[in-house]
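Using the hints provided, position chain B relative to the given structure of chain A.
2 protein chains.
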Amino acid sequence: MFLGTSSAVPRPGYRNVSSMLLQFSNGSTTVIDCGEATQHQLMKSSLRMGHIDNILLTHLHGDHCFGLFGLMHTLNSGGRVKPINVYGPTGVEELVRTVLRLTGGWDGFDIRITELEPEQVHKFDLRCHADTLLAHVTACPMVHRTSAFGYVFDELSQARSLDVDAARSRGVPMVDFKKLKEGESVLLENGTTVTADEVTHITRSARKVAVMQDTSDASSAIPFISDCDLLIHEATYERVLRDQAVRYGHSTSEMAAELAQKVHAKNLVLTHFSSRYSDAEKVGVLGKEAEMVLEGTGTQVVLAEDFMSFSGIDFRTIGSVLKPT
Amino acid sequence: MFLGTSSAVPRPGYRNVSSMLLQFSNGSTTVIDCGEATQHQLMKSSLRMGHIDNILLTHLHGDHCFGLFGLMHTLNSGGRVKPINVYGPTGVEELVRTVLRLTGGWDGFDIRITELEPEQVHKFDLRCHADTLLAHVTACPMVHRTSAFGYVFDELSQARSLDVDAARSRGVPMVDFKKLKEGESVLLENGTTVTADEVTHITRSARKVAVMQDTSDASSAIPFISDCDLLIHEATYERVLRDQAVRYGHSTSEMAAELAQKVHAKNLVLTHFSSRYSDAEKVGVLGKEAEMVLEGTGTQVVLAEDFMSFSGIDFRTIGSVLKPT
Numbered sequence: 001m002f003l004g005t006s007s008a009v010p011r012p013g014y015r016n017v018s019s020m021l022l023q024f025s026n027g028s029t030t031v032i033d034c035g036e037a038t039q040h041q042l043m044k045s046s047l048r049m050g051h052i053d054n055i056l057l058t059h060l061h062g063d064h065c066f067g068l069f070g071l072m073h074t075l076n077s078g079g080r081v082k083p084i085n086v087y088g089p090t091g092v093e094e095l096v097r098t099v100l101r102l103t104g105g106w107d108g109f110d111i112r113i114t115e116l117e118p119e120q121v122h123k124f125d126l127r128c129h130a131d132t133l134l135a136h137v138t139a140c141p142m143v144h145r146t147s148a149f150g151y152v153f154d155e156l157s158q159a160r161s162l163d164v165d166a167a168r169s170r171g172v173p174m175v176d177f178k179k180l181k182e183g184e185s186v187l188l189e190n191g192t193t194v195t196a197d198e199v200t201h202i203t204r205s206a207r208k209v210a211v212m213q214d215t216s217d218a219s220s221a222i223p224f225i226s227d228c229d230l231l232i233h234e235a236t237y238e239r240v241l242r243d244q245a246v247r248y249g250h251s252t253s254e255m256a257a258e259l260a261q262k263v264h265a266k267n268l269v270l271t272h273f274s275s276r277y278s279d280a281e282k283v284g285v286l287g288k289e290a291e292m293v294l295e296g297t298g299t300q301v302v303l304a305e306d307f308m309s310f311s312g313i314d315f316r317t318i319g320s321v322l323k324p325t
Numbered sequence: 001m002f003l004g005t006s007s008a009v010p011r012p013g014y015r016n017v018s019s020m021l022l023q024f025s026n027g028s029t030t031v032i033d034c035g036e037a038t039q040h041q042l043m044k045s046s047l048r049m050g051h052i053d054n055i056l057l058t059h060l061h062g063d064h065c066f067g068l069f070g071l072m073h074t075l076n077s078g079g080r081v082k083p084i085n086v087y088g089p090t091g092v093e094e095l096v097r098t099v100l101r102l103t104g105g106w107d108g109f110d111i112r113i114t115e116l117e118p119e120q121v122h123k124f125d126l127r128c129h130a131d132t133l134l135a136h137v138t139a140c141p142m143v144h145r146t147s148a149f150g151y152v153f154d155e156l157s158q159a160r161s162l163d164v165d166a167a168r169s170r171g172v173p174m175v176d177f178k179k180l181k182e183g184e185s186v187l188l189e190n191g192t193t194v195t196a197d198e199v200t201h202i203t204r205s206a207r208k209v210a211v212m213q214d215t216s217d218a219s220s221a222i223p224f225i226s227d228c229d230l231l232i233h234e235a236t237y238e239r240v241l242r243d244q245a246v247r248y249g250h251s252t253s254e255m256a257a258e259l260a261q262k263v264h265a266k267n268l269v270l271t272h273f274s275s276r277y278s279d280a281e282k283v284g285v286l287g288k289e290a291e292m293v294l295e296g297t298g299t300q301v302v303l304a305e306d307f308m309s310f311s312g313i314d315f316r317t318i319g320s321v322l323k324p325t
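Heads up: the protein sequence lines correspond to chains A and B, in order.
The first sequence begins at 1 in the numbering used here and counts up by one.
The second sequence begins at 1 in the numbering used here and counts up by one.
Isolated chain A (complex conformation) (with noise of 0.2 Å):
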């Protein structure tokens, strides 16, 4: 779910400034990027805050970050205990910590940092608070005016649907079922292993979902996201401006469909828009100018929206959107 899709300065009740949410099967939610005002879009949404574990930053542009700390609070005052996962460029720790520091010291639920050091690829597990995994994940570096990644997540493994019958009359326990659904093997007390494949079929393959904002190239990350079902991709600028979008470090809808093209995503959904795209049909060129890039590809091309939520076990049902009450 987008909770912020415009450039730099929030547009109260049209757009407000970065955020998006990741929700996993079991509810753990990931944020990727939290700018100010994040939390009170959270409010507005039907989604629980309690269920956050991670937060990931793409770069710390005020318009990405600011709204971390309130949100901090926020969840403190609700009560929460567990801790909280924050990624981002380095200088995020110090930034997290002088904040909670110089604002009334800090004496809430554990807030775990991880720098990413620029110009690398960094890969790493998502985890929820129970330790469970959540995806894989791959940092690739951005172009842009200060340290910023791309985030690309890939989903665990295939879904796999289990045949208890087969499972049981092999003499598999019950409490090994989660493993065979999780597409590993079982060695049996008897010596015998019992694998994935003999009592389990695959439901869907496993899932990835790329997010490249803010950037003029997002090329670091072609490695990783081929055939990518959901490339979500900053485009703040239309063609005409591209001289001015790669000066300020970022993308026109253009310059994303054509990464789209490179790597055959599936879905391209654009976000970030500068403030000058004020209406829908101001938006709706950056979607045109895309479209015509990816004309025969088959790749849809979506224009996100404060509250556009997608979901189903793949993105070919994007259109459907949650709006809140």
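Don't read these hints as lab results, they were simulated from the structure.
You may find that some hints are simply not true.
A pair holds if it fits inside one copy or across any two, identical chains being indistinguishable in the list.
[Said to hold, decoys possible] Using 20 Å as the maximum straight-line C-alpha spacing, the simulated SDA-like pairs for lysine to any residue come out as follows:
1. 44 to 11
2. 44 to 276
3. 44 to 14
4. 44 to 13
5. 82 to 24
6. 82 to 240
7. 82 to 132
8. 44 to 12
9. 179 to 291
10. 288 to 299
11. 123 to 85
12. 179 to 128
Remember, predicted model here, so these are calculated numbers, not experimental data.
This is chain B only, laid out in the frame that chain A set:
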């Protein structure tokens, strides 16, 4: 005008976290506290951000200052050149400079920060960008969980109306009319002195506005706020929670009213309500408890709301509120 009247946690669409504005007759605007999404509230109001010359922070808890960084960036995006003055407790300089340095650096307008050392009374002159004197300010240390200040604003002088014919007949050159209207005397070339009292009459007396939040004890301000026109005071809790209020460095509406009674405030405006008072009826209880203390004193009690504003030459026109369109 109030931009945020909730304590600690925002309630989107109802009350944001703390911020209020004081607008002087020349349009220059002073922001008192700047909680997260203060810039969003400003955008929803009819006020022009460019008129802000001063930002005073009562203390550095996040619900009073986390909106400062985003507001600076948005003013900068809007092309601001003139400097801004920021006043707040010791630590505000490190906070602002560290955040701006780590979030992309700052090459915008000059941010002039004045730190107020704890547990002392500070007096300073509030000036607008053109260096025009706006008001005399007294910052009084408040009892709270961190270094906090209440601010008392003293209007420069009585407003005077000039009898132009009388001034001319005494030989006062036009260039000195302003001095007389400001209450000063003028020395003529012939050696005689013309006093303001000779050629002006007082149209109203100098006004005094006091802002006390957050605190469980604002008595350090008593010497400076007697007969004040407008006492704005936090009222986080109701009477039965007085012990809890004091423990957390806050006040009940009754405590605020006791101060108003002691200093013969003409108007008492209550704000900074706990989110437990989630509708007009519940907040109304806080108003009634204050009114009971002030019965028969003539002091008017008002419950602040977001976007409520007061205007007029005295604050008896306090009932008039402006809502954003």
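Results for each hint:
{"no.": "1", "hint": "44 to 11", "verdict": "both (15 Å within a copy, 9 Å between copies)"}
{"no.": "2", "hint": "44 to 276", "verdict": "between (25 Å within a copy, 18 Å between copies)"}
{"no.": "3", "hint": "44 to 14", "verdict": "both (13 Å within a copy, 12 Å between copies)"}
{"no.": "4", "hint": "44 to 13", "verdict": "both (11 Å within a copy, 9 Å between copies)"}
{"no.": "5", "hint": "82 to 24", "verdict": "within (18 Å within a copy, 48 Å between copies)"}
{"no.": "6", "hint": "82 to 240", "verdict": "neither (48 Å within a copy, 32 Å between copies)"}
{"no.": "7", "hint": "82 to 132", "verdict": "within (14 Å within a copy, 52 Å between copies)"}
{"no.": "8", "hint": "44 to 12", "verdict": "both (13 Å within a copy, 7 Å between copies)"}
{"no.": "9", "hint": "179 to 291", "verdict": "neither (43 Å within a copy, 66 Å between copies)"}
{"no.": "10", "hint": "288 to 299", "verdict": "within (13 Å within a copy, 62 Å between copies)"}
{"no.": "11", "hint": "123 to 85", "verdict": "within (15 Å within a copy, 44 Å between copies)"}
{"no.": "12", "hint": "179 to 128", "verdict": "within (18 Å within a copy, 68 Å between copies)"}
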